[in-house]
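All chains should be built: construct the whole structure from the sequences, respecting the hints.
Number of protein chains: 2
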Amino acid sequence: MKLYNFAMAPNPKRVAIFIAEKGVEIETIEVNIRAGEHKTPAFTAINPLQDLPLLQLDDGTHINQVNAICRYIDDVYPEPPLYGRTPEERAKVESWNHRVQMEGIGAVTDAFRNSSPNFVGRAIAGPHSYEQIPALAERGRLRIDNFMKDMNAHFADNQFVLGDYFSVVDITVFMSIEFATWVKKKIPEDCTHLQRWFDAMSARPSIKK
Amino acid sequence: MKLYNFAMAPNPKRVAIFIAEKGVEIETIEVNIRAGEHKTPAFTAINPLQDLPLLQLDDGTHINQVNAICRYIDDVYPEPPLYGRTPEERAKVESWNHRVQMEGIGAVTDAFRNSSPNFVGRAIAGPHSYEQIPALAERGRLRIDNFMKDMNAHFADNQFVLGDYFSVVDITVFMSIEFATWVKKKIPEDCTHLQRWFDAMSARPSIKK
Chain A
1 MKLYNFAMAP
11 NPKRVAIFIA
21 EKGVEIETIE
31 VNIRAGEHKT
41 PAFTAINPLQ
51 DLPLLQLDDG
61 THINQVNAIC
71 RYIDDVYPEP
81 PLYGRTPEER
91 AKVESWNHRV
101 QMEGIGAVTD
111 AFRNSSPNFV
121 GRAIAGPHSY
131 EQIPALAERG
141 RLRIDNFMKD
151 MNAHFADNQF
161 VLGDYFSVVD
171 ITVFMSIEFA
181 TWVKKKIPED
191 CTHLQRWFDA
201 MSARPSIKK
Chain B
1001 MKLYNFAMAP
1011 NPKRVAIFIA
1021 EKGVEIETIE
1031 VNIRAGEHKT
1041 PAFTAINPLQ
1051 DLPLLQLDDG
1061 THINQVNAIC
1071 RYIDDVYPEP
1081 PLYGRTPEER
1091 AKVESWNHRV
1101 QMEGIGAVTD
1111 AFRNSSPNFV
1121 GRAIAGPHSY
1131 EQIPALAERG
1141 RLRIDNFMKD
1151 MNAHFADNQF
1161 VLGDYFSVVD
1171 ITVFMSIEFA
1181 TWVKKKIPED
1191 CTHLQRWFDA
1201 MSARPSIKK
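Just so you know, the protein sequences line up as chains A and B, in that order.
Counting in my numbering, the first sequence runs from 1 upward without gaps.
Counting in my numbering, the second sequence runs from 1001 upward without gaps.
Simulated from the structure, these hints should not be mistaken for laboratory data.
A few of these clues could be false.
As the list claims (entries may be wrong) - Pulled from the structure, derived: some chain B residues nowhere near chain A, Cβ distances all over 12 Å:
{"#": "1", "residue": "A1009"}
{"#": "2", "residue": "E1037"}
{"#": "3", "residue": "P1041"}
{"#": "4", "residue": "N1067"}
{"#": "5", "residue": "T1086"}
{"#": "6", "residue": "K1092"}
{"#": "7", "residue": "Q1101"}
{"#": "8", "residue": "A1107"}
{"#": "9", "residue": "V1120"}
{"#": "10", "residue": "P1127"}
{"#": "11", "residue": "Q1132"}
{"#": "12", "residue": "D1145"}
{"#": "13", "residue": "V1183"}
{"#": "14", "residue": "F1198"}
As the list claims (entries may be wrong) - DSBU-like cross-link-like pairs, simulated, lysine-lysine; straight-line CA separation at most 30 Å:
{"#": "15", "chain 1": "A", "residue 1": "K149", "chain 2": "A", "residue 2": "K186"}
{"#": "16", "chain 1": "B", "residue 1": "K1022", "chain 2": "B", "residue 2": "K1002"}
{"#": "17", "chain 1": "B", "residue 1": "K1149", "chain 2": "B", "residue 2": "K1039"}
{"#": "18", "chain 1": "B", "residue 1": "K1149", "chain 2": "A", "residue 2": "K39"}
{"#": "19", "chain 1": "B", "residue 1": "K1039", "chain 2": "A", "residue 2": "K149"}
{"#": "20", "chain 1": "B", "residue 1": "K1208", "chain 2": "B", "residue 2": "K1002"}
None of the values given here were measured: they were computed from a predicted structure.
The beta carbon of each residue, even a glycine, is placed where N, CA and C say it ideally should be.
Structure (structure tokens):
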């Protein structure tokens, strides 16, 4: 298989960290979003949604979306399992991952794409054009604050999002926090539990530069 | 196990259809959202996120979020599998399901919660208060139009979302369309493929009243 990716963007980075946690090597082809390479006819032909990351299987099948790609990798390289080890844990991973996708990644995406001059008329990824909504950028910033506070409270009693089990959700939270710096939001000083968790994440070999 | 649900709301309905497709019986307790029963101290104690549906396992564990609950049920009652039968199919289900969650359910949610007088100050589900954004309701309506057109094109060549395989994604699309009537959006007359698919879905025993 082959991964089309753009190293510096948040969703591609989630997949890159996931692959590193699995300890596997996957051939990666860089598609420069900033240079518009994801909008070319050649790339649109293989991915009409024009988003990254995109996984190409050996039979030519294409899979897009972060969690679809990561679940596929988890399926074919089961160790270590990052989507849960029991039905209950798998459900908890899905629940938390959706929540963080909406409240973390989603909030930062709203804040960023509705305010950056680079995304005028492209407030939502994909082939349709949507105008920016300044009030949505503002609401996104408020949601980031709430997300940081909520996660800080959670990490007061938990080593990882799922207690003592490291999962894909930790990667999703990590990228939410890192992506938040794109709209100049940092972990507040009084969020010491979140900071402790973030520092531990930053030291993992999958993330550490 | 026990399911806390509110029969008329879209996300609870997705779980109810999923359970019917599985052909299993799960004890269900009705929590009336309209009467604010999900905001009571008793319900908040078991679900701080105050959302429905909520699944309670026999050991007292609680699982919230539609896909977390449905995946749990799919795990413990594997037949018929509704999240895919192979790694590739499971990845496609995840990818499509996320897409429809954002472009279908998400678009209608934006349109509805940012315009209904019942959701002033509660534009996003959960314990945090967010003001409505009228421009977001408008954008939601535009996204619904695009979603219907895109799905119509897809169903020109496909019996179900995943070709000839019925999956959880068909339920997600179905509820997107049904929920869209809450903001007075119907399948456009020229979307004949989508209408054909919708009529077939409406006739399934899991949905038919």
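* Asked: Hint by hint, which ones does this structure get wrong, listed from lowest number up?
  -> 4, 5, 6, 7, 8, 10, 11, 12, 17
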